[in-house]
Amino acid sequence: MPEKYHIQTKPIPPRRPRIGKYGIVDWREDCCRCHNCVKKACVYDRHREEAGYIHDMKDVDALFFDCMGCFSCVQNCTKALLSLEVNPIYEALGNSYWTPDIIQTTWMQAETAKIPVSGAGYRGPFSGPGFDSMWTDMSEIVRPTRDGIHGREYISTSVDLGRKRPFLAFEGQALMDSDGPLVSLPMPLIIDMASPDHTLPELDPLFRETAARTGLIAIMDSCAWPFAETYLPHVAFHLHPDGPELPRDVLNQTRLIELPDGPDVLKRIAAIKKDCPHLVVSIKVMLGAGGSQRAIELANLPAIEMLHIAADPNGNEIGVSQPRFIKDILRETHVALIESGTRDQVTLMSSGGIALAEHMAKAIICGADLVAMSLPLMIALECQLCHSCEPGMHCPAQLESINTAYGVGRMTNLVSAWHDQLVEVMGAMGMREARRLRGDVGRGMFFKELEEDTFGKLFGTRK
Amino acid sequence: MANCSVQENNLKDVLPENTLKTRVPQTQVSRDIRPAPSRYRNEISKTIIRRSHDCTKCGRCVEVCPHGVHVKKPGYKYFAEPCLDLCIGTACETTDHFCVAHCPQKALRLVENPAMKVLGDCRWTADMMLATWKMAETGDIPPAEYGYEYECGNSGGGFDRLRFKYPDKLAVAVRPEDVDTSIELNRTGDSRPQVKIDVPWYGGGMSFGSVSNVTQLSKARVAVAWNTFTCSGEGGYMERLRPYDDHVITQIATGLFGVREETIQRVPIVEFKYAQGAKPGLGGHLLGEKNTVSVAKMREAMLGISLFSPFPFHSVYSIEDHMKHIDWIKHINRRALVSSKVSTPTDVDMVAIGSYAAGTHIVHLDGGYGGTGAAPDIAKKNIAMPIEYAIAKVHGFLKAEGARDDVTLIASGGIRNAHDIAKAIALGADGVVIGTSELIALGCVRCTRCSAGRGCPRGIATTDPTLQTQMDIEWGTQRLINLYNAWRKEFIQILCRLGLRSVGELCGRTDLLMHLDYTNDLEHKS
Ligand code: SF4
Ligand code: SF4
Ligand code: SF4
Ligand code: SF4
Chain A
1 MPEKYHIQTK
11 PIPPRRPRIG
21 KYGIVDWRED
31 CCRCHNCVKK
41 ACVYDRHREE
51 AGYIHDMKDV
61 DALFFDCMGC
71 FSCVQNCTKA
81 LLSLEVNPIY
91 EALGNSYWTP
101 DIIQTTWMQA
111 ETAKIPVSGA
121 GYRGPFSGPG
131 FDSMWTDMSE
141 IVRPTRDGIH
151 GREYISTSVD
161 LGRKRPFLAF
171 EGQALMDSDG
181 PLVSLPMPLI
191 IDMASPDHTL
201 PELDPLFRET
211 AARTGLIAIM
221 DSCAWPFAET
231 YLPHVAFHLH
241 PDGPELPRDV
251 LNQTRLIELP
261 DGPDVLKRIA
271 AIKKDCPHLV
281 VSIKVMLGAG
291 GSQRAIELAN
301 LPAIEMLHIA
311 ADPNGNEIGV
321 SQPRFIKDIL
331 RETHVALIES
341 GTRDQVTLMS
351 SGGIALAEHM
361 AKAIICGADL
371 VAMSLPLMIA
381 LECQLCHSCE
391 PGMHCPAQLE
401 SINTAYGVGR
411 MTNLVSAWHD
421 QLVEVMGAMG
431 MREARRLRGD
441 VGRGMFFKEL
451 EEDTFGKLFG
461 TRK
Chain B
1001 MANCSVQENN
1011 LKDVLPENTL
1021 KTRVPQTQVS
1031 RDIRPAPSRY
1041 RNEISKTIIR
1051 RSHDCTKCGR
1061 CVEVCPHGVH
1071 VKKPGYKYFA
1081 EPCLDLCIGT
1091 ACETTDHFCV
1101 AHCPQKALRL
1111 VENPAMKVLG
1121 DCRWTADMML
1131 ATWKMAETGD
1141 IPPAEYGYEY
1151 ECGNSGGGFD
1161 RLRFKYPDKL
1171 AVAVRPEDVD
1181 TSIELNRTGD
1191 SRPQVKIDVP
1201 WYGGGMSFGS
1211 VSNVTQLSKA
1221 RVAVAWNTFT
1231 CSGEGGYMER
1241 LRPYDDHVIT
1251 QIATGLFGVR
1261 EETIQRVPIV
1271 EFKYAQGAKP
1281 GLGGHLLGEK
1291 NTVSVAKMRE
1301 AMLGISLFSP
1311 FPFHSVYSIE
1321 DHMKHIDWIK
1331 HINRRALVSS
1341 KVSTPTDVDM
1351 VAIGSYAAGT
1361 HIVHLDGGYG
1371 GTGAAPDIAK
1381 KNIAMPIEYA
1391 IAKVHGFLKA
1401 EGARDDVTLI
1411 ASGGIRNAHD
1421 IAKAIALGAD
1431 GVVIGTSELI
1441 ALGCVRCTRC
1451 SAGRGCPRGI
1461 ATTDPTLQTQ
1471 MDIEWGTQRL
1481 INLYNAWRKE
1491 FIQILCRLGL
1501 RSVGELCGRT
1511 DLLMHLDYTN
1521 DLEHKS
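Listed in order, the protein sequences are those of chains A and B.
When we follow this note's numbering, the leftmost residue of the first sequence carries the number 1, and every step to the right adds one.
When we follow this note's numbering, the leftmost residue of the second sequence carries the number 1001, and every step to the right adds one.
Sample of chain B residues at the chain A side, in silico, Cβ under 8 Å:
{"hint": "1", "residue": "E1081"}
{"hint": "2", "residue": "G1371"}
{"hint": "3", "residue": "A1374"}
{"hint": "4", "residue": "T1436"}
{"hint": "5", "residue": "V1445"}
{"hint": "6", "residue": "C1450"}
{"hint": "7", "residue": "T1510"}
Label pairs and their calculated CB-CB ranges:
{"hint": "8", "chain 1": "A", "residue 1": "G319", "chain 2": "B", "residue 2": "A1144", "range": "50 to 56 Å"}
{"hint": "9", "chain 1": "A", "residue 1": "W27", "chain 2": "B", "residue 2": "E1184", "range": "53 to 59 Å"}
{"hint": "10", "chain 1": "B", "residue 1": "D1511", "chain 2": "A", "residue 2": "W27", "range": "49 to 55 Å"}
{"hint": "11", "chain 1": "B", "residue 1": "R1334", "chain 2": "A", "residue 2": "K164", "range": "55 to 61 Å"}
{"hint": "12", "chain 1": "A", "residue 1": "K463", "chain 2": "B", "residue 2": "R1501", "range": "30 to 36 Å"}
{"hint": "13", "chain 1": "B", "residue 1": "A1403", "chain 2": "A", "residue 2": "K463", "range": "33 to 39 Å"}
{"hint": "14", "chain 1": "A", "residue 1": "K164", "chain 2": "B", "residue 2": "D1190", "range": "54 to 60 Å"}
{"hint": "15", "chain 1": "A", "residue 1": "C31", "chain 2": "B", "residue 2": "E1262", "range": "54 to 60 Å"}
Below, in silico cross-link-like pairs of lysine to aspartate or glutamate (EDC-like), each with a Cα-Cα straight-line distance of 20 Å or less:
{"hint": "16", "chain 1": "A", "residue 1": "K448", "chain 2": "B", "residue 2": "D1349"}
{"hint": "17", "chain 1": "A", "residue 1": "K164", "chain 2": "A", "residue 2": "D344"}
{"hint": "18", "chain 1": "B", "residue 1": "K1057", "chain 2": "A", "residue 2": "D30"}
{"hint": "19", "chain 1": "B", "residue 1": "K1117", "chain 2": "A", "residue 2": "D26"}
{"hint": "20", "chain 1": "A", "residue 1": "K448", "chain 2": "B", "residue 2": "D1347"}
{"hint": "21", "chain 1": "B", "residue 1": "K1324", "chain 2": "B", "residue 2": "E1261"}
{"hint": "22", "chain 1": "A", "residue 1": "K457", "chain 2": "B", "residue 2": "D1347"}
{"hint": "23", "chain 1": "A", "residue 1": "K463", "chain 2": "B", "residue 2": "D1511"}
{"hint": "24", "chain 1": "A", "residue 1": "K274", "chain 2": "A", "residue 2": "E245"}
{"hint": "25", "chain 1": "A", "residue 1": "K40", "chain 2": "A", "residue 2": "D26"}
{"hint": "26", "chain 1": "A", "residue 1": "K79", "chain 2": "B", "residue 2": "E1043"}
{"hint": "27", "chain 1": "B", "residue 1": "K1021", "chain 2": "B", "residue 2": "E1262"}
{"hint": "28", "chain 1": "B", "residue 1": "K1072", "chain 2": "A", "residue 2": "D30"}
{"hint": "29", "chain 1": "A", "residue 1": "K79", "chain 2": "A", "residue 2": "D30"}
{"hint": "30", "chain 1": "A", "residue 1": "K39", "chain 2": "B", "residue 2": "E1081"}
{"hint": "31", "chain 1": "A", "residue 1": "K463", "chain 2": "B", "residue 2": "D1517"}
{"hint": "32", "chain 1": "B", "residue 1": "K1399", "chain 2": "A", "residue 2": "D453"}
{"hint": "33", "chain 1": "B", "residue 1": "K1117", "chain 2": "A", "residue 2": "E91"}
{"hint": "34", "chain 1": "B", "residue 1": "K1196", "chain 2": "B", "residue 2": "E1177"}
{"hint": "35", "chain 1": "A", "residue 1": "K79", "chain 2": "B", "residue 2": "D1085"}
{"hint": "36", "chain 1": "A", "residue 1": "K39", "chain 2": "B", "residue 2": "E1043"}
{"hint": "37", "chain 1": "A", "residue 1": "K40", "chain 2": "B", "residue 2": "D1464"}
{"hint": "38", "chain 1": "B", "residue 1": "K1381", "chain 2": "A", "residue 2": "D132"}
{"hint": "39", "chain 1": "A", "residue 1": "K448", "chain 2": "B", "residue 2": "D1517"}
{"hint": "40", "chain 1": "B", "residue 1": "K1489", "chain 2": "B", "residue 2": "D1180"}
Don't read these hints as lab results, they were simulated from the structure.
Cβ coordinates follow ideal geometry from the N, Cα and C atoms, glycine included.
Let the sequences and hints guide you as you build the complete structure.
Given below as structure tokens:
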């Protein structure tokens, strides 16, 4: 058995007071001071913790909201003075795409490195926009083991980046593995450049260290150089045409490089390939108007090894009046490349809207080879997506004073939890390799299609 | 219970001798409805009455309120806390007995309960939970004046967007007493006994260890009272369930924990659990620390080691393997019906027809949104399709294959009340399995903490000795008996309004349904 991909994790508690969903409201006036006050009976001892918290409160801006919402004290209080409320600060977290629930589950994963588990069945909507309009498949009796008998430990999440041959080729007796260089990643995830709206420059070292610890690659603006050379294998520079030039020996120690799309992009690829032939070159195409068409055009060119198609942080096309969601663009691009017979040659990476581990699996089912993300890693640092990241503004997560152990630990925990969840859904599907999941829409079920197939046949046309 | 058809008189003919020897006398539980008020002092209510300091304790409010909300005990100077769950809230404003209007001091105020925003979620809305509690308390459909909107949730799809098309006038009126709510579970026409249950639902599997003894026994007792079934879950067969053997389905899951020939011989239905809606395609994992002395004994495992239920059955890789397993059970227990519990993959129709071909009596589909126990969030939300699609798909496919009449189709995974049951049956199921609703009736608030720390803080899904004591068996049983009664009443009401006399007449009648998001303009051949 080859060496197993394993990420070392350890629990890292939050630095800031927790922002829980529920708070207890207490009408103290009418309290009759029972000896056996229900507050003592809280299974989680929350009332006592709250009292302690208020007693030595360090942060006046953060109230105590860590009740688990079991209603026991509310329903047992002698005078019915207690009530539960949803924490208004919790409700204000994030935005309509990055919901409070997403932020909270990310915090929890960053703290514990565990897959979120809860009881009481599913509590959410039937379906929703974006990635919520699809489900993933599972294997049942008739085909329990598409990939043979295996346990989770046999599931491989690794992917290869670079241009692959469409058919087997031999050099003498030896099988040639690819046309050009290939980069192997242990999971289909790349740490994207942090969006300028949501970040402070001090975070780059943390992203690098996280990439090194998890065996992944972090994309970084070329201005980030210099830093310790040991990180270079885990960094992919994003080279702006007007950014600083990087010495060849620096580039030579990296494995992947990213160029923004532009009119002279082919020339730039050729230039890089001439100097550093072992680098896999990825072209970043922003999904603005005509972006998806451009991506398909590029993908069909023999010089292109890898494409990074980037939607906005919420997964939508940028600056388009009726934006499509990344999942639909991925499906369209994937199918177009299959039709032109080039799908297996180029690597397709998508970014934007990847907020949960399930989005990674779903994007791959829709046709991506891998995904890139950075916002979830910011959230792992207790970022609330409040958009006040500029120096001088108050950052509620205090990201300006972050230490490495905490920052890298939390981000590593999150990546590990995502990896475990990917293995979980792949196990359910009976898939043994992340490479084979790519574009396998048979492992997904789509809201639109299921509706048409069942309710459409029974009730006419969907309004 | 003369009509109790799951009890067989000639067990001697069908049960092996050693099983007969170990058979214990079966407990009877009466179906009587008795009030079973909340075990909490303050039941959660939609609205709250606030009393200000202007109150002179004149007692006028006690006099006017016909619902007994305001309580002033004789000899006491002050009011006790009001019974707010009895208050009909805003519906009272237009009556002549609205306490707020009658109070001479203007000391009362009716306000919305802020906790309603916290309670529930879009599948189980706060109203639906309050209504379920009311049904479990009274055994009756909640009166309209409470204003509970509980027939549908707010999930925006599936059952929550389906409605019945009730005809304005019926050709022949159906009286409630003429409606038959029973269903038969053996449709294969083989020589095995007919098992008939009095209501078109039975209780789902919740293992020893995942819920408290009281919860499990209350579920077993209500199954006896209503002549239906409960399921042992996969954690082994509790000895305490033995007086209810005739109403227990024992489960054989992939870990085979606690499965012995003898336990299989005890019961009228044996269920193969291939997958479950809460975590379709994933195995189970009981942490070592939860493998306590009693759990280890029940599961026939070593104390303190982590116990894995693999996925899938490592002895079933084809329908032929499945058939061998079914034959094995049929051989060991000559009277048992076999149920195959599967989840809802893309090709759920193929799974169903395969199970049928392998000789199962019951195909039990557990939809992707189902489950009560702890499961990874990613699995609960994403893996496998919702049950609403699966029922329609499987029913249609079995019909096209000419197999529909020979197998019983049971659906579960998100069935919350009598309306959901009726909709599931109209989509094509014969009956349903329920789980969460029973826990709600016992006082679950869906706080999702079932598996964390000591387990359920409300004593429902926990084996913690102290927490468990919050509930007793008599109360638990009565709550469930009441809930079943209210559901049955409501189910009968639905059938009457549709002019139908039996569950079978509703099965597959999608022409009686409409979907709020569709044009509903297809011609149905009825
Ligand atoms: S139980 Fe209620 S009334 Fe009694 S002391 Fe506690 S808060 Fe006050
Ligand atoms: S609702 Fe439950 S968790 Fe919250 S404070 Fe009260 S007893 Fe504790
Ligand atoms: S509002 Fe009506 S039902 Fe409620 S307490 Fe007052 S009189 Fe009674
Ligand atoms: S822990 Fe919460 S959700 Fe689970 S059974 Fe108890 S009350 Fe219900």
